[in-house]
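Throw the hints in and build the complete structure from the sequences for me.
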Amino acid sequence: MNAITRDTFDQEFRTFLSTFELDVDLTTVTADDNLFDQGVLDSFSVLKVIVLVERLRGEPVDLENAGIESFASISTIYESFIAR
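Using this note's numbering, the letters of the sequence shown correspond one by one to residues 60 to 143.
Don't read these hints as lab results, they were simulated from the structure. No residue lacks a Cβ here, since even glycine has one placed at the ideal position from N, Cα and C. Where hints are given, some of them may not hold.
Stated by the list, open to error - Label-pair ranges, simulated between beta-carbon atoms:
#1 G117 to D82: 28 to 34 Å
#2 A62 to V83: 28 to 34 Å
#3 E123 to T87: 30 to 36 Å
#4 D121 to T86: 16 to 22 Å
#5 A62 to D84: 27 to 33 Å
#6 D121 to D82: 19 to 25 Å
#7 F79 to S134: 17 to 23 Å
Here you go:
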């Protein structure tokens, strides 16, 4: 797995989110904000997030034990899939 710092992940993830057509100002979204509640992610965009995470990790994500809560915030995505 590729080693990625939290800061690098945050930057990559925000750049990735900026490609979405959102009605949300991403500069106001903190790493701990719930991305679903903020209107940043929905069930369809989670699939795109999985592809991004797999690219950053350099290996597939094991989704067997991951629930939707693993994708709730930038912090939980990092802790669930990148920091491991």
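Exercise. For the pair E123 and T87, does the Cβ-Cβ distance stay inside 30 to 36 Å?
Worked result: This hint holds: roughly 34 Å between Cβ atoms.
Problem set entry | 28 to 34 Å as the expected CB spacing between V83 and A62, which holds or is violated | 30 Å, holds
For this session: Evaluate the given range 17 to 23 Å for the C-beta pair formed by F79 and S134.
Result: 19 Å, holds
Exercise. Is the gap between the beta carbons of D121 and D82 within 19 to 25 Å?
Worked result: Roughly 33 Å apart at Cβ, these two residues miss the hinted range, so it is violated.
For this session: Indicate whether the distance between the beta carbons of G117 and D82 respects the range 28 to 34 Å.
Result: 33 Å, holds
Exercise. A62 and D84, beta-carbon distance inside 27 to 33 Å?
Worked result: 31 Å, holds
Problem set entry | Distance restraint hint 16 to 22 Å, applied to the beta-carbon atoms of D121 and T86 | 32 Å Cβ-Cβ, so the 16 to 22 Å window is violated.
Consistency with the previously given hints fails for numbers 4, 6, ordered from lowest to highest.
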